[in-house]
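Enquirer: Each chain, written out:
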Amino acid sequence: MTTVNLETLKAGETATIAAVHTDRALSYRLAALGFRIGKRVEVIRHGRFSGPLHVRIGATDIMLRKEEAQKIEVQTPAR
Amino acid sequence: MKHIALVGMPNTGKSTFFNRATGASARVGNWPGITVDLLGAKLLLAGEMVELVDLPGIYDLHGFSDDEQVVRHFMEKNPLDLVVIILNASQIERQLSLALQIKQLCLPAVLLLNMADETKKFGISIDAEKMSASLGMPVVMLSAKYGNGYQGALQIITQAIQNGTPPIPPEKLQVLLATDDQIETDMEAVLKQTVQVPIQLSDNLTTRLDRLMLHPWLGLPLFFLIMYLLFQAIFLLGKPLQDGVGWLLEAFKQGALEPLLGALPAALHGLLIEGIYNGVGTVATFVPIIVLFFLFMALVEDSGYLSRAAFLMDALMAKLGLDGRSFVMILLGFGCNVPALMGTRVMRSRSLRLLTMLVIPFSLCSARLQVFVFITAAIFSPKAAPLVLFSLYLFSFAAAFITALLFKNRFQNNEPFILELPPYRFPTLRQMVLRGWHEVRHFLSRASKFIIAGVVLVWLLTHFPQNVAPGSIGTWAGMIGHFMEPVLAPIGIDQHLAIALIFGFVAKEIVVGSLAVIYGLEGSALTGMMAQQLDWVQAYSFMLFTLIYTPCLSTIATIRSESKSLPYTLLAVAFPLGLAWLVSFAFYQAARALGY
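Just so you know, the sequences run in chain order A and B.
Sequential numbering of the first sequence, starting at 6, is according to the working numbering.
Sequential numbering of the second sequence, starting at -12, is according to the working numbering.
One or more hints might be untrue.
Said to hold, decoys possible - Derived DSS-like pairs: lysine-lysine, alpha-carbon spacing no greater than 25 Å straight-line:
{"hint": "1", "chain 1": "A", "residue 1": "Lys71", "chain 2": "B", "residue 2": "Lys395"}
{"hint": "2", "chain 1": "B", "residue 1": "Lys395", "chain 2": "B", "residue 2": "Lys370"}
{"hint": "3", "chain 1": "B", "residue 1": "Lys29", "chain 2": "B", "residue 2": "Lys108"}
{"hint": "4", "chain 1": "B", "residue 1": "Lys306", "chain 2": "A", "residue 2": "Lys44"}
{"hint": "5", "chain 1": "B", "residue 1": "Lys551", "chain 2": "B", "residue 2": "Lys64"}
{"hint": "6", "chain 1": "B", "residue 1": "Lys108", "chain 2": "B", "residue 2": "Lys(-11)"}
{"hint": "7", "chain 1": "A", "residue 1": "Lys71", "chain 2": "B", "residue 2": "Lys306"}
{"hint": "8", "chain 1": "A", "residue 1": "Lys44", "chain 2": "B", "residue 2": "Lys64"}
{"hint": "9", "chain 1": "B", "residue 1": "Lys240", "chain 2": "B", "residue 2": "Lys306"}
{"hint": "10", "chain 1": "B", "residue 1": "Lys370", "chain 2": "A", "residue 2": "Lys15"}
{"hint": "11", "chain 1": "B", "residue 1": "Lys240", "chain 2": "B", "residue 2": "Lys226"}
{"hint": "12", "chain 1": "A", "residue 1": "Lys71", "chain 2": "A", "residue 2": "Lys44"}
{"hint": "13", "chain 1": "A", "residue 1": "Lys44", "chain 2": "A", "residue 2": "Lys15"}
{"hint": "14", "chain 1": "A", "residue 1": "Lys71", "chain 2": "A", "residue 2": "Lys15"}
{"hint": "15", "chain 1": "B", "residue 1": "Lys29", "chain 2": "B", "residue 2": "Lys117"}
{"hint": "16", "chain 1": "B", "residue 1": "Lys29", "chain 2": "A", "residue 2": "Lys76"}
{"hint": "17", "chain 1": "B", "residue 1": "Lys226", "chain 2": "B", "residue 2": "Lys395"}
{"hint": "18", "chain 1": "A", "residue 1": "Lys44", "chain 2": "B", "residue 2": "Lys29"}
{"hint": "19", "chain 1": "B", "residue 1": "Lys(-11)", "chain 2": "B", "residue 2": "Lys29"}
{"hint": "20", "chain 1": "B", "residue 1": "Lys226", "chain 2": "B", "residue 2": "Lys108"}
{"hint": "21", "chain 1": "B", "residue 1": "Lys117", "chain 2": "B", "residue 2": "Lys107"}
What the hints contain is simulated information worked out from the structure, not anything from laboratory work.
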């Protein structure tokens, strides 16, 4: 298992959320959207021109910017 | 009277349920955060009047964002007899946290699991009875959109309110919510017993559509193609309807009004027919186009494509100091700027909100569309007219983007941008008809408020004092036009158009009506006269000015009330005025210099 930030995952890769390093307000919002420790997250696509990421947690599709994705730590099986 | 509040996460169908229950027409759409205001309506439940309040969608009750604070304050200030929690059943895995938070506040509640139709498609199964037992509140599955399970839901609500305990005094509510860890443990426990989710979601329609719509290279061109085709469709369908309404109005005037009012004194006859009837009638011919426009807008809003547009444009918007939501608000502004301005409430950073509110008024709203359809039809050939209209939409985007670039350093923000991408959905016929009807009513209320007063005033200005020829330089309107000439002559706007521009400040619907009054003509006679008096350079310059300067008084009032800042409001009026003049000046002088 290696720990990386969510932004480094490629489209189609899945990982487990390990930690969310944001301020309190944002972490509540993220939790309500499904970003909770232990949840599986799949990266669907990266937007062009360093646009936002499109990810899926459970049945919810979410987009978030790279800056926020970098603050989310995920564990991936060793590549 | 007893009070019920609808609470739920954004885009879970609270307003759809609210509309179904109360017969109201709250705006609905497949976009998280479309309800930004508290909306209340009375409802008869088992012989008792209760008030149902539709609250903006919230993610949790911590209340960090403006919209969450609105809901929190409401719940803390008003005694509630019942909270109806509405959650998206297929996203129950994460949305259940809100129900648990409300349960912690010891409020009497029922839980409606909405969008049961979609849950089936996802292969998710929920045991509502078991969930009801473990949550200690009634739980019902329903589809507010199609009405399945609606009667059952209403029954549960009626029962709950009938044998409900007296409301909890609001001051007791201000307890601290338990830690999120506790909620999470509870949530896991409830979900484990009651919900089954397939490990891998099926490769459904949304995923496949997204592969095309969000394609790295095709996504943006597709977006513009879709927009272009939508506008083409509106005019293709709208033009014959518009002509039909025009014909009916003319027939009514010739067949009924003229014989009836013929005996009246000339001045009164003129005011009634050339003033009010021609003015309002010319505006009324645009109703079919406006209704069609909003039907298509409803289709786009409900489809979930707006969130995709936000995804596609976010990279560019970030460079302008905005984000994907700002772009969606600009798109919503194409309908009407006022709800788009209010839609910025979902943004937490004040700078981002102010910057977005500064650019929204450049959105070519449906009222301005009337002016442009009217003038392009009068001045340009049928072949060139659609292209001219499309170019104005491009100018609308350009003005917004340039303004954002100019002001992004004054309104710096680092607001995080996180947004749900809801599944693609289609509105029901019922929803579309409701929306169309809503727009007709909106138009009629504006017509009775502004348009009649506007055209009467224009008629008086162009017909007094009585001893000079109507519309000539000697009338009050002529004097105003003469006074404005040093400013407006360099951009090719004559005194007739100047009067229309001044009244357009109040509402753009008045512009077309006042042109009818100023020229004292309507229908094809009016457009023919305008084609004689204006060349295309003047007409285009006039349209550019109309596009960019103040949209209407309602927009200014909304900017004032949303920003709560007078200096900001002044900036939001003065800057577009200056920009409008500069753009028109540059266009007009350049076109003339090139020999057009």
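Enquirer: Now tell me if each hint is right for this structure.
Expert: Evaluation of the provided hints:
1. The hinted pair formed by Lys71 (chain A) and Lys395 (chain B) meets the criterion: a straight-line CA distance of about 20 Å does not exceed 25 Å.
2. Between the alpha carbons of Lys395 (chain B) and Lys370 (chain B) the distance comes to roughly 39 Å, so the proposed pair goes past 25 Å and is violated.
3. Using a Cα cut-off of 25 Å, the hinted pair Lys29 (chain B) and Lys108 (chain B) is violated, with the two alpha carbons roughly 35 Å apart.
4. A C-alpha spacing of about 32 Å is found between Lys306 (chain B) and Lys44 (chain A), which places the hinted pair above 25 Å, so the restraint is violated.
5. Between Lys551 (chain B) and Lys64 (chain B) the CA atoms are separated by roughly 23 Å; this keeps the pair inside 25 Å, and the hint holds.
6. For the given pair, Lys108 (chain B) sits about 37 Å from Lys(-11) (chain B) by alpha-carbon distance, which is inconsistent with the 25 Å threshold.
7. A threshold of 25 Å between alpha carbons decides the hint, and for Lys71 (chain A) with Lys306 (chain B) the separation of about 14 Å falls inside it, so the pair holds.
8. Restraint check for Lys44 (chain A) and Lys64 (chain B): the C-alpha separation of about 36 Å exceeds 25 Å, so the hint is violated.
9. Between Lys240 (chain B) and Lys306 (chain B) the alpha-carbon distance is near 55 Å, which puts this suggested pair outside the 25 Å criterion.
10. Under the criterion of a C-alpha separation no larger than 25 Å, the hint pairing Lys370 (chain B) with Lys15 (chain A) is inconsistent with the structure, at around 48 Å.
11. Note on Lys240 (chain B) and Lys226 (chain B): the hinted pairing holds, with a Cα-Cα distance of about 21 Å set against a maximum of 25 Å.
12. Distance hint between Lys71 (chain A) and Lys44 (chain A) is fulfilled; the C-alpha atoms sit about 19 Å from each other, no more than 25 Å.
13. Between the alpha carbons of Lys44 (chain A) and Lys15 (chain A) the distance comes to roughly 18 Å, so the proposed pair stays at or under 25 Å and holds.
14. Straight-line distance between C-alpha atoms of Lys71 (chain A) and Lys15 (chain A) comes to about 13 Å, which keeps the hinted pair within the 25 Å bound.
15. Restraint check for Lys29 (chain B) and Lys117 (chain B): the C-alpha separation of about 32 Å exceeds 25 Å, so the hint is violated.
16. For the hint pairing Lys29 (chain B) with Lys76 (chain A), the CA-to-CA distance comes to about 46 Å; that exceeds 25 Å, so the pair is violated.
17. Taking the CA atoms of Lys226 (chain B) and Lys395 (chain B), the gap is near 40 Å; set against the 25 Å cutoff, the hint is violated.
18. Simply put, Lys44 (chain A) and Lys29 (chain B) have alpha-carbon atoms about 42 Å apart, too far for the 25 Å limit, and the pair is violated.
19. Between Lys(-11) (chain B) and Lys29 (chain B) the CA atoms are separated by roughly 10 Å; this keeps the pair inside 25 Å, and the hint holds.
20. With a C-alpha separation of about 40 Å, the suggested pair Lys226 (chain B) and Lys108 (chain B) falls outside the 25 Å cut-off, and the hint is violated.
21. Our distance criterion of 25 Å between C-alpha atoms is met by Lys117 (chain B) and Lys107 (chain B), whose separation comes to about 18 Å.
When each numbered hint is compared with the structure, violations occur for hints 2, 3, 4, 6, 8, 9, 10, 15, 16, 17, 18 and 20.
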